[in-house]
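J.: Residues per chain are reported as follows:
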Amino acid sequence: MSSAYRLPHATCIDYTKPLRFTFDGKSYQGFHGDTVASALLAQGVHLMGRSFKYHRPRGVMAAGAEEPNALLDVSRGGGRSVPNLRATQVELYDGLVVKSQNRFPSLRFDVGAINDLLAPLFGAGFYYKTFMGPRKAWAHLYEPVIRHAAGLGHAPSKPDPDTYANQFAHCDVLIVGGGAAGLAAALSAGRSGARVIVADEQAQWGGGLLAERGVEIDGQPVQAWLAQTVRALQAMPHVRLLSRTTAFGYFQQNFIGLVERLTDHLAHPPQGQPRERLWQVRAKRVILATGAIERPLVFSGNDRPGVMLAGAARQFLNRYGALVGKSVLVFTADDAAYQAAIDLAQAGATVMAIVDLRENPQGPGIEAARALSLPVLTSHVVIETFGRLRINAAALGRIGPDGDVTPVKIEQCDALLMSGGFTPSVHLFSQSRGKLHYDADRQIFVPGISAQQECSIGAAKGTFALQESVQEGFAAGAEAAEQAGFKSQTIAPSRVRHDVPSCAGFSGAVPRPKGQRAGKAFVDFQNDVKVTDIISATQEGFKSIEHVKRYTTTGMATDQGKTSNMNALAVAADALGRTIPDVGLTTFRMPYTPVTFGSIAGLARGDLFDPVRKTPIHGWAQHHGALFEDVGLWKRAHYFPQKGESLHQAVLRECRTVRSKAGLFDASTLGKIEIVGPDAAEFLNRLYTNAWSKLAVGRCRYGVMLNEQGFVMDDGVIGRLADERFHVTTTTTGAPRVLAHMEDYLQTEFPELDVWLTSTTEQWAVIAVQGPLARQILQPFVTDIDLSPDAMPHMSVRTGHICGVETRLFRVSFTGELGFEVNVPSGQGRMVWEALWAEAEKHGACAYGTEAMHVLRAEKGFIIVGQDTDGTVTPADLGMDWVIGQTKPDFVGKRSLVRADMRKADRPQFVGLQTHDPHFVPDEGAQVVAVAEPATGSAALGFVTSAYDSATLGRSIALALVANGRARKGETVYLTRLDGQALPATIVDPVFYDKEGARLHA
Amino acid sequence: MRETLMDAAPHPSFDEAGLPLTALALGATKLYPAPDLARFVLRVRPEDGARAAAAWGLSLPDALRASTHKDRHVLWQGPDEFLLLALTSEKQEIIDRLQAEMGGKPYSLVDVSHRNQAFLLTGEGAQQLLETGCMLDLDPASFPVGMTTRTLFAKADLTLWRRDTHTFHIELWRSFMPYVMGLLQQSAVAA
Chain A
0 MSSAYRLPHA TCIDYTKPLR FTFDGKSYQG FHGDTVASAL LAQGVHLMGR
50 SFKYHRPRGV MAAGAEEPNA LLDVSRGGGR SVPNLRATQV ELYDGLVVKS
100 QNRFPSLRFD VGAINDLLAP LFGAGFYYKT FMGPRKAWAH LYEPVIRHAA
150 GLGHAPSKPD PDTYANQFAH CDVLIVGGGA AGLAAALSAG RSGARVIVAD
200 EQAQWGGGLL AERGVEIDGQ PVQAWLAQTV RALQAMPHVR LLSRTTAFGY
250 FQQNFIGLVE RLTDHLAHPP QGQPRERLWQ VRAKRVILAT GAIERPLVFS
300 GNDRPGVMLA GAARQFLNRY GALVGKSVLV FTADDAAYQA AIDLAQAGAT
350 VMAIVDLREN PQGPGIEAAR ALSLPVLTSH VVIETFGRLR INAAALGRIG
400 PDGDVTPVKI EQCDALLMSG GFTPSVHLFS QSRGKLHYDA DRQIFVPGIS
450 AQQECSIGAA KGTFALQESV QEGFAAGAEA AEQAGFKSQT IAPSRVRHDV
500 PSCAGFSGAV PRPKGQRAGK AFVDFQNDVK VTDIISATQE GFKSIEHVKR
550 YTTTGMATDQ GKTSNMNALA VAADALGRTI PDVGLTTFRM PYTPVTFGSI
600 AGLARGDLFD PVRKTPIHGW AQHHGALFED VGLWKRAHYF PQKGESLHQA
650 VLRECRTVRS KAGLFDASTL GKIEIVGPDA AEFLNRLYTN AWSKLAVGRC
700 RYGVMLNEQG FVMDDGVIGR LADERFHVTT TTTGAPRVLA HMEDYLQTEF
750 PELDVWLTST TEQWAVIAVQ GPLARQILQP FVTDIDLSPD AMPHMSVRTG
800 HICGVETRLF RVSFTGELGF EVNVPSGQGR MVWEALWAEA EKHGACAYGT
850 EAMHVLRAEK GFIIVGQDTD GTVTPADLGM DWVIGQTKPD FVGKRSLVRA
900 DMRKADRPQF VGLQTHDPHF VPDEGAQVVA VAEPATGSAA LGFVTSAYDS
950 ATLGRSIALA LVANGRARKG ETVYLTRLDG QALPATIVDP VFYDKEGARL
1000 HA
Chain B
0 MRETLMDAAP HPSFDEAGLP LTALALGATK LYPAPDLARF VLRVRPEDGA
50 RAAAAWGLSL PDALRASTHK DRHVLWQGPD EFLLLALTSE KQEIIDRLQA
100 EMGGKPYSLV DVSHRNQAFL LTGEGAQQLL ETGCMLDLDP ASFPVGMTTR
150 TLFAKADLTL WRRDTHTFHI ELWRSFMPYV MGLLQQSAVA A
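So the sequence lines, in the order shown, correspond to chains A and B.
Each residue of the first sequence is one higher than the one before, starting from 0 at the first, in numbering that gives the first Met the number 0.
Each residue of the second sequence is one higher than the one before, starting from 0 at the first, in numbering that gives the first Met the number 0.
Incorrect hints may have been included.
Calculated lysine-lysine pairs in the DSSO-like style (CA-CA distance at most 27 Å, straight line) [stated by the list, open to error]:
(1) A:Lys693 x B:Lys154
(2) A:Lys642 x A:Lys841
(3) A:Lys283 x A:Lys408
(4) B:Lys29 x B:Lys154
(5) A:Lys968 x A:Lys994
(6) A:Lys128 x A:Lys660
(7) B:Lys29 x A:Lys283
(8) A:Lys128 x A:Lys25
(9) B:Lys104 x A:Lys634
A few chain B positions that, by computed beta-carbon distances, are all more than 12 Å from chain A [as the list claims (entries may be wrong)]:
(10) Ala53
(11) Cys133
(12) Gly145
(13) Lys154
Hints are computed from structural coordinates only; laboratory data are not their basis.
Positions of the beta carbon are idealized from the N, C-alpha and C atoms, including for glycine.
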């Protein structure tokens, strides 16, 4: 072996596969199966981080997800960097590059450690009390400096180049945790034929079993039993085993979020392989076998590198072959630490002493330790530790019969293993809204009343003995399968031998000599919260743990207090003289461990963030240089610049061409709804303001739709194709809303009507041909429709053929020119467009985009719902009383229109604005005010809704909503600007061009 | 155009609307573009549904099921809504037969042949591939052969229809096709 701390036997190490990695630029060796923590420990390296606030040197304390100290930054280049990863969970691969965090210039020498000397200044509440003002200093001085000095790793600064997958899954039984209890549950549930998913955050199956060596299950060595169980599960096709998969959230109705890490452990991830997969699982039954987390003991100097949890030392030894020290001191209030002492002693370490808080511990572990002649000191405590970057000694004290602690001696050591007993991992149970129960005898919270279809088993339930855990697993798996509708068979109880379970524990600060301050006794290691901070919070008057938590930040670090919550609670309860349940327990929130944004975003990034809807003519427009704008999910051609043209120039040209010749416009995105049935006209009567019964077949009408409040929600042209069939158009973005609104009324208010609604938006491509030459352009392609003005007047619709394709041909105009809208089946839209384009070009016509369309309609004073209306505008406000069918008994919104407020004289009214400077195009949204410099706090008269430079009129035009605007025609108002003084304009009629409409009827 | 849905043959590349013209390999799963079809949405009072289906020689499907006769399929979309798929050559006959057989009963028949496009997803991995974006339980025990439903694939509405254990027919509005194709292709890489 390469190092004095590396041992030749371990359950998770492949000694045939040595690997090299670098930590802070220095190269180290490890093996396949190592974590960064185990590999560094095997090289004798304990110092792995600096603490959050005081920059104290820190070593690894735990062996799993709960690790608070050893946080690393892993960078793979090209934007692939992840901060704050726990060294105990980062799997080694050849060439791995990791760095420590929160230190400058180096981990061994960190200038920030000055904070540690100044620690008395930096107690809880320091920031709240110190940085009171001035207010501006927060943003520019205090916060940047504090953030720089205190903190964790750095967030990646480049876009994440990795991809992330998503998978929905359903199962009968989801088991979280692949330790003894979880695997036993999987076995019995799997044998019933139920669909089972087992998720475990680790790379190997077995959980705590992987650290066991002497235990036997059913006469087999524990590792053989484990291998056999996993093989049996792998052979079941309906059992899905997900390793490296963390269940991070437990949501409503047994919906669980899992993140599977796919490539982070690979030196060379396969091309295209996603980095992580988010599993969204709906389970009929959930079994939580999430184990337990060992509690640190709280004494001065308990955070020095080399001080770690006893169970962690045992895991590093038995799983990874890494010896955490050669002369170890054990400090415990629980039996389980004895097994750690025994294992380390048998691996060659010298156990300097087992310091036990308890007066008279009894049990097989204690007997076995004594049999090996390990020195056991009962009623003793550690009162202080020594050493700078690594522990080298600890001061011990004896607890007298009266509870007083007397210092007795200083013991040399290079590692101190502590155990305050185990805290069940009830995070997911608690997230499921289950109610916890406080077990006063053992001072732990265990799952109490379930809120969902789940159960907890094994250590997660407080069952620490292996035999009972396995038994609970078998029973829970069978029961869950039965509840999910499967027949299960009983599995004979297992017999477990040589197990040394946890059976006691201690929470809070350990006793110390009278008069000695608590010193640097850490409760929350990651947020640097000490016993004294919690006591001072209680002295400040905070009585609830929720307040103590926020004042001290205990439990608020990235580890969410996995190792600290119970100790913090016990210290607070002690200081307040109350019981633990009385002080309360903070809420467990998802995620259990941090989850990447990538896995939550999944494939919803870039082009696939939202559907990008394109019309059948999109490709043509793209080919002809169109620039597009987003309209809802649609891409619409915004304008078609010719060589060197700006948006402004292109739009002026497009408008001029349409007015003088003609233009082609892709209107395919318009919403379309086919309304069919004997009651179709009656339905329209009730949904639109105007009257539809008398609309003749072959004719169209402009319709306005109100919501219940009487405000305009949509508009469009509706054509009657047959007595019982209407073709309704809606605005592009209003289409889904209008259909939902219609269905809502049809199903809930008018179920007696025989009428049905079908969305046909995407059935039809729509080509608007607008301009004086529109008829000439269409004529050659239309064989069976008479386009002449008499046969097909403005606002009519015909069915027939164009280019041999069926068409619904509307004579309508949104430009004020002679116009047609050609509806053809989408699949033929491009072909028809190209045919029309070839003809249009001959006539000097152009293709125009949405911007020119907006200008042309504004010249005619045609509104765009959502631009010239804002959801508080009535037809009367728009000057569109003519659109109200006054004689109709009712329509949606009618009742609201007669409310007094809707008839007030000062309601906003739709008007035109003529700026005094014809070149001044006001901002859309600019305030309309009565004087150039209105007094602060005075109300505006209204606002500009649309404004353009009009080629037709040779000047700017604007539309606005102005209080009592129609009565103000001729008045001068002022339009505010962002970059200067408000400028004057005259209120005019909103129709700027061809007021008589002669061009429409050409 | 092909004679049946099932044996669509390869063409090169993607069409204007984003549907591949050729069979597309998505890992071990294959995606076949469906040929052009006549499609109609039938809306009818529940009590008249059987009569309408019979006009086309079909039985009215139960909720969440499809019924098939030769090249005609009617897919349940809702209590009073059905999607009819047929050969394009039968379009007029479908319209005429229904009108003749309904005897004045009210109904709505709307041509959506071009609104929807469709593809077949086939292979042992098809179900899992769909489950990358569809939150339904597609296990054959829950979603058996012959079942059809409207659902979501990520943010796109679509109609899913299980033709056999490893083959799904998927209908969606045409402009959502590139989005669904993109997701399926990326998810297939991830599988």
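J.: Which numbered hints are broken by the structure, listed smallest first?
T.: Hints 1, 3, 6, 7, 8, 9, 11, 13 not satisfied by this model.
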